[in-house]
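Chemist: Chain by chain, the residues:
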Amino acid sequence: GAVVSQHPSWVICKSGTSVKIECRSLDFQATTMFWYRQFPKQSLMLMATSNEGSKATYEQGVEKDKFLINHASLTLSTLTVTSAHPEDSSFYICSAAGPKNTEAFFGQGTRLTVV
Amino acid sequence: EDQVTQSPEALRLQEGESSSLNCSYTVSGLRGLFWYRQDPGKGPEFLFTLYSAGEEKEKERLKATLTKKESFLHITAPKPEDSATYLCAYDERVGGSGGSNYKLTFGKGTLLTVNP
Numbered sequence: 001g002a003v004v005s006q007h008p009s010w011v012i013c014k015s016g017t018s019v020k021i022e023c024r025s026l027d028f029q030a031t032t033m034f035w036y037r038q039f040p041k042q043s044l045m046l047m048a049t050s051n052e053g054s055k056a057t058y059e060q061g062v063e064k065d066k067f068l069i070n071h072a073s074l075t076l077s078t079l080t081v082t083s084a085h086p087e088d089s090s091f092y093i094c095s096a097a098g099p100k101n102t103e104a105f106f107g108q109g110t111r112l113t114v115v
Numbered sequence: 116e117d118q119v120t121q122s123p124e125a126l127r128l129q130e131g132e133s134s135s136l137n138c139s140y141t142v143s144g145l146r147g148l149f150w151y152r153q154d155p156g157k158g159p160e161f162l163f164t165l166y167s168a169g170e171e172k173e174k175e176r177l178k179a180t181l182t183k184k185e186s187f188l189h190i191t192a193p194k195p196e197d198s199a200t201y202l203c204a205y206d207e208r209v210g211g212s213g214g215s216n217y218k219l220t221f222g223k224g225t226l227l228t229v230n231p
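Residue numbers (the working numbering), protein chains in the order written: chain W, 1 to 115; chain G, 116 to 231.
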């Protein structure tokens, strides 16, 4: 299947700082990428849908000014958690719509810990 | 309200003991039912997509089936390496027919443990 690479796999940051997470589709072009958040023993919750060259669509309850998404190219989307707080600590996962647009491939996830 | 429910929450099997995981959904106009495997601390790994009632797909020891109200993931003669959380999700496509902006809504998953 198609490969989606997410970086970093884990990050620890101080409260009040910003953290950027990258999501790359390595062997296909992804016009649409998705960002999810997952708490322990919980389901993946969609945060936003990112379309190349346009503004991201955020799900209800997700602060767009806090979670900045940029999808500048067909192979790269970034999520920036701004002014991070301990409650933002979570597992963030990106996915990209595959070339056939019939499946979604996921990155490895990023464990964010805000101290 | 559209939703997807997985059962059981957790399942322990002995190696070789076949079983099934359930995913029931209440969605108007299902456009796809997905199964993923997720290992601890990792992103989900794609397994299957099912589109219509009666459809079946197989991969090694796994077989996924779909009815109008639920999907089953059958595991035949499981091995310890099959231990993982299995997630199902439905595709709620937005943006009109043929649109690329599909949206996956996930269940909470079934944690499968296969003991040697």
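Note that these hints are calculated values from the structure, not bench results. For each residue, glycine too, the CB sits at the ideal point set by N, CA and C. Errors might be hidden in some of the hints.
Not close to chain W: a few residues of chain G, all C-beta gaps over 10 Å, as computed [said to hold, decoys possible]: (1) Ser122; (2) Leu126; (3) Gln129; (4) Ser134; (5) Gly158; (6) Pro159; (7) Glu160; (8) Glu173; (9) Glu175; (10) Thr180; (11) Gly222; (12) Gly224.
In silico BS3-like pairs for lysine-lysine, Cα to Cα no more than 25 Å straight-line [stated by the list, open to error]: (13) G:Lys218 / W:Lys20; (14) W:Lys66 / G:Lys178; (15) W:Lys14 / G:Lys223; (16) W:Lys20 / G:Lys157; (17) W:Lys41 / G:Lys223.
Here chain G is said to cover these stretches of chain W; the calculated rule only asks that three of the stretch's residues, wherever they fall, bring their Cβ under 8 Å from a Cβ of chain G [unchecked claim]: (18) 65 to 74; (19) 82 to 90.
Chemist: All hints, please: hold or fail.
Modeler: Going through the hints against the structure:
1. Ser122: Holds, since 14 Å exceeds 10 Å.
2. Leu126: 15 Å, holds
3. Gln129: 24 Å, holds
4. Ser134: 21 Å, holds
5. Gly158: 4 Å, violated
6. Pro159: 5 Å, violated
7. Glu160: 7 Å, violated
8. Glu173: 16 Å, holds
9. Glu175: 15 Å, holds
10. Thr180: Check passes; 18 Å lies beyond 10 Å.
11. Gly222: 6 Å, violated
12. Gly224: 7 Å, violated
13. G:Lys218 / W:Lys20: This hinted pair holds, its Cα atoms lying about 23 Å apart.
14. W:Lys66 / G:Lys178: Status violated; Cα separation ~41 Å.
15. W:Lys14 / G:Lys223: Distance ~30 Å between W:Lys14 and G:Lys223 Cα, so the pair is violated.
16. W:Lys20 / G:Lys157: Holds. W:Lys20 to G:Lys157 sits at ~19 Å (cutoff 25 Å).
17. W:Lys41 / G:Lys223: 8 Å, holds
18. 65 to 74: violated (count 0)
19. 82 to 90: With 0 residues close enough to chain G, the hint is violated.
Taken one by one, the earlier hints fail for this structure at numbers 5, 6, 7, 11, 12, 14, 15, 18, 19, listed in ascending order.
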